[in-house]
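J.: Going down the list, the sequences are from chains A and B. Under this note's numbering, read the first sequence as residues 1 to 477, first letter to last. Under this note's numbering, read the second sequence as residues 478 to 954, first letter to last.
Some hints here could point you the wrong way.
Some chain B residues flagged as far from chain A (calculated, every beta-carbon gap over 12 Å) [unchecked claim]: (1) PHE650; (2) ALA670; (3) LEU738; (4) LYS787; (5) HIS802; (6) VAL833; (7) VAL917.
With a straight-line Cα cutoff of 25 Å, these simulated DSS-like cross-link-like pairs (lysine-lysine) come out [claimed, not checked]: (8) B:LYS952 x B:LYS935; (9) A:LYS306 x A:LYS466; (10) B:LYS606 x B:LYS528; (11) A:LYS300 x B:LYS777; (12) B:LYS943 x A:LYS466; (13) A:LYS260 x A:LYS466.
Honestly, the hints are just simulated from the structure, not real lab data. Virtual Cβ for every residue (Gly too), placed ideally from N, Cα, C.
The lines below spell out each chain.
There are 2 protein chains.
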Amino acid sequence: MMTERWGIFELTLNGPQTGNPFVDVTFGALFKHQNRVIHTDGFYDGDGIYKVRFMPDKEGTWAYSTFSNCSELDGMIGEFECIMPSAQNHGPVRVKDEYHFAYEDGTPYLPFGTTCYAWIHQGDEMEEKTLATLADAPFNKMRMCVFPKHYDYNTNEPVYYPFEGSLEEGWDFTRFNVEFFRHMEKRIGELLALGIEADLILFHPYDRWGYSTMDCESDERYLRYITARLSAYRNIWWSMANEYDLMQAKNLMDWDRFFKLIQQCDPYQHLRSVHNCHTFYDHGKPWVTHCSIQHSDLTKVTEWHKLYKKPVVVDECCYEGNIAHNWGNITAQEMVHRIWEGTIRGGYVGHGETYVDPNDILWWSKGGILHGQSPERLSFLRQLLEQSPQDLMPIDIGYSYDVLYALSKNDEYFLAYCGSGQSAYKDIALSDQSSYTIEVIDAWDMTVTPLDGVFRGKCRVKLPAKPYIGLRIRKVE
Amino acid sequence: MMTERWGIFELTLNGPQTGNPFVDVTFGALFKHQNRVIHTDGFYDGDGIYKVRFMPDKEGTWAYSTFSNCSELDGMIGEFECIMPSAQNHGPVRVKDEYHFAYEDGTPYLPFGTTCYAWIHQGDEMEEKTLATLADAPFNKMRMCVFPKHYDYNTNEPVYYPFEGSLEEGWDFTRFNVEFFRHMEKRIGELLALGIEADLILFHPYDRWGYSTMDCESDERYLRYITARLSAYRNIWWSMANEYDLMQAKNLMDWDRFFKLIQQCDPYQHLRSVHNCHTFYDHGKPWVTHCSIQHSDLTKVTEWHKLYKKPVVVDECCYEGNIAHNWGNITAQEMVHRIWEGTIRGGYVGHGETYVDPNDILWWSKGGILHGQSPERLSFLRQLLEQSPQDLMPIDIGYSYDVLYALSKNDEYFLAYCGSGQSAYKDIALSDQSSYTIEVIDAWDMTVTPLDGVFRGKCRVKLPAKPYIGLRIRKVE
């Protein structure tokens, strides 16, 4: 048997079907490579089938031995060969040097996220449409909920429910609906094939089924089950919640507990965060790998950077659209502006779209197709960043009165953004030891126009006196 | 002799020229109407001329008697007749019912302010050009400094200086330059003729002459002199400072002291305020008649209203223009948007303009001509307000998730604003006891389009799905 590095090795065994295997049977395996042993929980997948999934992070031979409180499942041994990853497989995403992300093989990862909260609950036709849209879109991260969603424009029942039971007769939180999880895994695997990280939201408040108000034991059973099933997917990120602060049945200690449980159960230490509505969770806590923020003022990225010393992901800064809600009615211009503003300050700002639709198919929750004008511009921004040196850091290159932020690499490279104002010029301070070329970028029109001549030291840069202008400044070799 | 109500009665006397009449001679008059006596300070106007000016607020006979420490000026008596005001004369502006302004005769006053800080220091040609521009502009309040200004784009010397002396040899703060004050009075009188209130800034930090760092005695002598000269102009408002918090030579007690001194010296109790840069003065203090605010977030008007229980004037929310400074590079759209946003929340938001000019003639400081696209839209807004019932109060007419502010009169009239978003509809809550017509206003295109039918109770209003849309909602009679 062969599994590629950061691929999924899956061991399937037959075991008991009587009683409630979800709670009665403990099952897992130890995976061993050289002198390293990794404890991995397995899960019950219905019909007497038990599985354990494992994501090897080193090439070579891995040996395993199962453990269980059930003799049929206990003490099975075997091994498999971990081979080179395929070309598109760079491993899971990790935090790099405090503020950045990179895949485990060192390839830079620049999050360009979008949100389709309930896309996996819309049935195959719509879900495949969403995947087709994503194949041509600039996004490499998807915020999505495990549980179905009940909210404005979101009144349809999901195809699958996570637990056995029904809305009418109640749910048996001790019995998972394996169809639900198999379906979710399939979709997460399809995202992976598209190079998209699944920022998986474990809890959220928009609920009519009772999944947001389960008891403590059920919450934990659910978290253990989902981490056992999904941790081996290299594109998983754990988001404890969307708008955790709106979940009245939970308190801060619950969120701490969930973080710590995931930290304990996930053998691969995937990224962990929690997303606010009004009030931030303390992103400084040690189990939080990066900030996951809802906020409309992207100039604050600078402050959050300093405060948390972690990557700042602003998953939600309002959505391009035209619904009545103010969080879903910003123009494409404003969406692009906010994403540039936060990006140039060193953050990673997410997209979303909420255009009124006769059938209530809004991208932000159900997926489908994109109608807006921002994705094309985000593609342009992503290209600019991918053409830039790695691990850029935000600095202020303005002089006199105002800050003018730029992503920079030493004294060699600057990608600046002048905002929604329409300045006819900006004064900037470059090194007076070097010469620089400057290109004027129009973030909306998606043009790059070189300025004549070279620049050095403190200098005045003529601008087209319109909003959404950036500057690319490069040292002359 | 006859003076119209709220006009200026001026008594001129000859007195001593020796010594320093500005400090040696006390002079003033008591003005009496029926059983009311008003103490009025006079001033020295050079060449042995002493004057006292008086703004009568009642029709009928006023008797006066002068007082002085100099026998030539003491004990002169006389009387004059105060007659009906002329058609355009409504008296000074007063605060009305906590949040509004009205002229003393009861005529509503809706501030539409602009700023030309140093316009009276630019020489006659430019100053007359400014007046000609104002004659065709929608503005009825002008923020302007007494002292000349030293700042970016403001490096020219003024024509007149307020004190005797020179920059090279120093100033004699005990001797006022009467030419300076006569010139300023002339300009203030010309504003009055155009129906424009002079929001006169007494101190400011942008100084190379030393007027921002005078000693305590000189500050007070200056304030007494200027109130003696100018209080009788009915269009005077006293602004203690522009950006008081940048004046490092003054502390909060100084500002309290200046307010109290003006309150004591001005017989007519003109409006008093002080303008911040970063940090607000406490507008709740009793000598402050209204808030004078610099801030870019106009949604906060709602909060300031509740906090201070006084009219909220936001004199500065950035300026339409294209200079490098972010406070002077907002688009005309954004300027119009901010003014609507603050207005509909019950505030009074000021205009300003800062377009780069080859001769550094920027409206915001020097006046001249207007280049921008916002004044026309402010004219449109002013018309809408003048066509509205008086004394509108802001309320939230939105339902479900978001606030939607409207200026309202009982259940009869609403002027709402949907902001910079592009909602395709809004849900509003009207009385279900009445029927209403609704017109859609495009604040940028300056159109008013009636919607078909009538509306009542909770209802959905279809919008053109673009930014800067207002609604005028009127009860069907």
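J.: All hints are to be evaluated individually against the structure, with a verdict given for each.
T.: Quick rundown of the hints versus the structure:
With a minimum CB-CB distance of about 31 Å to chain A, PHE650 of chain B clears the 12 Å threshold, and the non-interface call stands. With a cut of 12 Å on Cβ distances, ALA670 of chain B stays outside the contact zone with chain A, its closest approach being about 35 Å. The beta carbon of LEU738 of chain B is kept farther than 12 Å from every beta carbon of chain A, the shortest such distance being approximately 33 Å. At the 12 Å boundary, the C-beta of LYS787 of chain B stays outside the reach of chain A, the nearest C-beta of that chain being 27 Å off.
The beta carbon of HIS802 of chain B is not kept farther than 12 Å from every beta carbon of chain A, the shortest such distance being approximately 5 Å. Consistency note on VAL833 of chain B: stated as away from chain A, yet its beta-carbon is not over 12 Å from all of that chain's, at 5 Å minimum. No Cβ of chain A approaches the Cβ of VAL917 of chain B within 12 Å, the least distance being about 15 Å, so the stated non-interface status holds. Between LYS952 of chain B and LYS935 of chain B, the direct Cα distance comes to roughly 14 Å. Compliance with the 25 Å bound is thereby established for this hinted pair.
The hinted pair formed by LYS306 of chain A and LYS466 of chain A fails the criterion: a straight-line CA distance of about 31 Å is larger than 25 Å. Distance restraint check for LYS606 of chain B and LYS528 of chain B: the Cα-Cα separation of roughly 31 Å exceeds the 25 Å cut-off, and the hinted pair is therefore not satisfied. For the proposed pair LYS300 of chain A and LYS777 of chain B, the alpha carbon gap of about 18 Å is at most 25 Å, so the pair holds. In summary, the hint linking LYS943 of chain B to LYS466 of chain A is supported, as the alpha carbons are separated by about 20 Å, within the 25 Å threshold.
Restraint check: the Cα-Cα separation between LYS260 of chain A and LYS466 of chain A comes to about 49 Å, which exceeds 25 Å; the hinted pair is violated.
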